[in-house]
Amino acid sequence: MTLTIVLAGAAALLTLGLLAVIIGRSPAATRFIYGASMLISAISLAAALAHLLGAAAPENVTLPVGLPWLGAHLRLDALSAFFLVVVDLGAMSASLFALGYGEHETAPQRVLPFYPTFLAAMTLVVCADDAYTFLFSWEFMSLTSWALVISHPRLPENVRAGYVYLVMASFGTLTLLLAFGLLAGPDGLYTFAQMRAAHPSAALGALALMLALVGAGSKAGIVPLHVWLPLAHPAAPSHVSALMSGVMTKVAVYGFVRIAFDLVGAPVWWWSMVVLALGGITAVMGVLYALMQHDLKRLLAYHTVENIGIIFIGLGLALAFEAYGMVFAAALALTAALLHVFNHSLFKSLLFFGAGAVLTATGERDMEHLGGLIHRMPQTAFVFLIGCAAISALPPLNGFVSEWLTFQAILLSPELPSWGLKFLVPAVGALLALSAALAAACFVKAYGVTFLGRPRTRAAEGASETDAFSLAAMFFLAALCLVAGILPGLFIDALAPVSSALIGERMPVQIGAQWLAIVPIAASRSSYDGLLVFLFMVISGTLAAFAIHRLASDRLRRAPAWDCGYPDASPVTQYTAMSFAEPIRRVFGTVVFHAREHVDMPPPGDTRPARLTVELHDLIWEALYAPLVVGIGVAADRFNRLQFLTIRQFLTLVFCTLVILLLVLAIWP
Amino acid sequence: MALIRDMAVQGAQMLLVLLLAPLFTGFVRKVKARLLRRQGPPLIQPYLDLMRLMRKEVVLAESASWLFRIIPYLVFAATWVAAALVPTFRTDLLFSWSADLIAIIALLGSGRFFLALAGLDVGTSFGGIGSSREVMIASLAEPAMIMIVFTLALIAGSTQLSTMAEFMASSAVGLRVSLGLALIALVMVAIAENGRIPVDNPATHLELTMVHEAMVLEYSGRHLALIELSSWLKLILYVSVIACLFAPWGLAPVGAGATALAVGVAAYIVKLAVGGFLLALFETSIAKMRVFRVPEFLGAALMLGLLATLLRFVSGSF
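Chains as they are written, first to last, in our numbering: chain V, 1 to 669; chain F, 1 to 318.
Just so you know, these hints were derived from the structure itself, not from any lab.
There is no bait here: all hints are sound.
Facing chain F, a subset of chain V residues (Cβ under 8 Å, in silico): (1) 375; (2) 389; (3) 392; (4) 394; (5) 426; (6) 452; (7) 453; (8) 523; (9) 526; (10) 527; (11) 532; (12) 537; (13) 567; (14) 571.
These stretches of chain F come out as covered by chain V in the derived footprint (C-beta under 8 Å, 3 or more residues): (15) 94-105; (16) 115-127; (17) 134-141; (18) 154-164; (19) 306-312.
For every residue, glycine included, the Cβ atom is placed at its ideal position computed from N, Cα and C.
Produce the complete structure using the sequences and hints provided.
Printed below as a string of structure tokens:
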């Protein structure tokens with residue numbers, strides 16, 4: 001029943017996409033398409049939520065579409081239901097946001113047809129139960145989002161973003177295709193149910209898992225496959241950026257979880273080493289890249305890379321524990337990772353909405369041209385602050401809970417017998433702690449430079465508060481961030497069916513704990529109570545304010561800023577995004593980015609301004625991708641000659657190929 | 001009845017740290033002055049400063065926002081809640097289970113996050129320099145602290161401060177290499193987090209190397225009073241954490257009577273006095289380092305912490 005509702009919703013979204021092709025140019029279309037998308041997502045969300053919370057049995061449907069005689073297999077189990085909740089929640093809030101934001105779209109006919117189809121594609125990926133449906137939906141998701149990325153093709157950087165995205169998406173699908181090919185084996189076991197029943201050999205399973213890691217990882221943004229993500233996510237309209245960063249990367253995580261925990265069978269310990277190492281590197285590299293950015297949306301996109309790293313650390317731990325039969329610890333690590341999936345989808349959507357609101361209000365994405373928006377957009381500033389605090393893992397908000405659970409899982413890992421893991425896990429723990437601290441630094445920068453201080457340009461000065469729909473979407477997500485932070489037990493319990501289905505064990509029931517605390521292992525070992533921490537903070541803060549205002553003084557006088565007696569009226573004397581990151585650039589950037597600073601100081605008496613140039617190198621691009629691009633270019637040039645052969649040469653070529661193929665066949669055992 | 005007594009103990013703990021924090025700072029200042037052969041301000045000078053600041057009006061910069069005005073309360077609340085959850089004279093506090101050591105560190109991180117935002121709010125260059133350096137220091141100090149927590153948690157089998165203190169007080173703990181490394185790293189982190197010499201100088205206001213004081217330069221009146229009180233609370237919190245983990249003697253156990261509680265309070269005051277004296281001695285005997293030496297200092301703390309954790313992972317006997 002639930003699956004029928006969800007599929008009907010996907011079909012309705014597809015129809016909506018077709019309808020938008022026809023009516024896309026009419027002025028009422030924007031409201032209609034987004035309103036309808038929101039409604040459909042809300043219904044689908046309710047259905048998925050009911051399935052997940054009710055711990056209902058899996059549902060199967062075979063539709064007579066797709067490959068002949070085989071049809072399309074679709075299935076809704078706990079894992080799919082959880083990711084459907086993430087997809088639909090993101091889709092619903094993005095549609096609500098777009099009700100206001102979409103009005104500013106200059107070319108709605110380029111966005112409207114692809115938006116609902118993109119939503120439908122993501123729904124179908126998480127419901128797919130055979131390799132063909134999965135890959136088809138996956139590719140459909142890539143293509144619709146690609147169309148949204150290049151919805152403004154006149155900007156050259158968007159075209160480049162679209163190109164890089166297309167290449168990386170094709171590469172990712174190719175590796176996934178190979179992974180499913182290996183899992184399907186020579187008998188062509190084509191549905192997931194058959195793959196699950198056939199236990200592949202360890203070597204084959206390992207190969208399939210690594211291919212899946214590359215395929216899903218390239219979509220999720222694992223370093224070094226992340227290069228397309230910070231180009232493509234910011235290029236799309238902001239509500240689509242939110243969906244791509246907050247939701248589509250999670251669909252990629254779903255792909256990995258489905259293959260690694262469900263289809264491949266029992267894991268081997270060293271698989272987790274690869275996942276853990278990649279996760280740790282991704283987390284730290286993502287946040288370091290983000291710290292170097294001054295484009296608000298690109299900074300947010302790089303933070304997605306960081307959070308994907310955190311999620312994969314949790315998944316890697318879960319794989320390690322599962323390989324050694326420590327199911328309880330595996331359930332904890334998996335729950336931590338999935339909770340972070342949910343949390344990240346909330347605050348990343350919220351932050352992209354905020355960036356979109358800033359973009360409509362000022363026309364700027366570059367933080368160096370903003371500033372002081374807290375005075376002009378107080379409500380946006382408030383919710384954006386909540387998003388920043390949540391993503392920086394500050395209690396009592398939700399980001400902290402999932403990172404805390406990941407730390408608790410790491411603390412269980414000395415019991416792992418493997419020496420490699422014993423050395424790797426503490427290092428990954430240090431990387432996780434480092435990335436959390438750097439994320440806080442990065443969001444002080446993002447918020448401080450964009451919203452605080454004084455306006456740096458006319459555009460920032462003339463900004464005004466965004467519309468009611470956008471605000472409603474942002475307040476909704478901010479409220480969810482707070483609720484998930486202070487009542488984490490409810491969300492952990494909701495994830496229990498997922499870990500029961502995948503690992504065969506679940507975290508202890510949290511809802512009965514005193515004061516709604518969360519107790520992952522035992523009360524004497526560790527517990528955290530977001531509700532109490534929140535209440536304590538509210539009470540002590542209000543108490544202090546009340547006592548001081550009543551007993552001491554509440555007088556206040558406005559005056560020019562003090563600034564040690566040297567105030568400068570010009571807003572350019574403020575710290576900028578680049579200067580704020582300077583200490584961190586000096587500490588980490590010299591190694592990671594080969595950062596160099598050149599100061600061009602004019603001699604005394606010369607009135608020309610001094611100049612500071614900062615040189616940064618994206619070493620991953622330069623070492624890995626640039627040679628590849630050059631190599632492909634050279635190869636293409638060489639092969640281009642084939643086009644101009646005479647018919648005689650062509651025939652010779654065909655003949656030689658045939659002979660070689662026959663030889664291969666003859667020698668092949 | 002037991003609940004009321006527990007409530008009273010928890011309330012007493014909250015008031016105790018709040019009341020002792022200015023005194024402790026006054027004590028450190030006094031010892032430092034005496035070590036330099038100066039008379040120094042009276043011990044109660046911090047209280048007098050607080051009273052004076054509270055009574056004064058707030059002079060708010062014209063470009064300051066609403067956030068700037070609520071940040072002192074936020075920072076104070078986060079720091080006070082964190083300080084209230086660290087066992088000082090009794091292990092099993094009523095609400096100690098509501099936040100473990102990781103959460104306490106994260107609470108302090110919340111305070112720092114907002115304080116760094118306050119530095120950027122007015123839009124002056126001094127505030128910016130303070131904030132950007134503060135977050136650089138924090139980005140190394142926080143992971144170092146997490147590594148220390150890992151080490152201690154793996155030894156004690158818990159991240160709960162009460163349980164950890166009980167374990168450390170028992171005979172099961174013994175002398176361990178990892179404990180020594182963790183202690184050194186913890187002291188280094190505590191010095192950096194509280195902006196003490198050699199990382200930052202709490203006594204100066206106009207010096208290019210300053211960090212914390214530059215960030216709060218635009219605060220005045222009651223706002224400044226709360227910020228100062230929070231930083232004193234943070235100092236006493238770190239000393240309490242070190243004391244309860246590495247010198248857990250005299251802590252009153254669960255359900256202790258009035259005598260044990262009195263002993264606990266007395267022991268706590270003695271520990272604070274020793275800690276304050278050592279801090280003052282250390283600060284007078286060392287010079288402040290350049291701001292870009294700080295990453296090396298904290299990097300060493302991080303490596304020590306990581307080494308200690310690795311040792312624990314490798315073998316349970318280290």
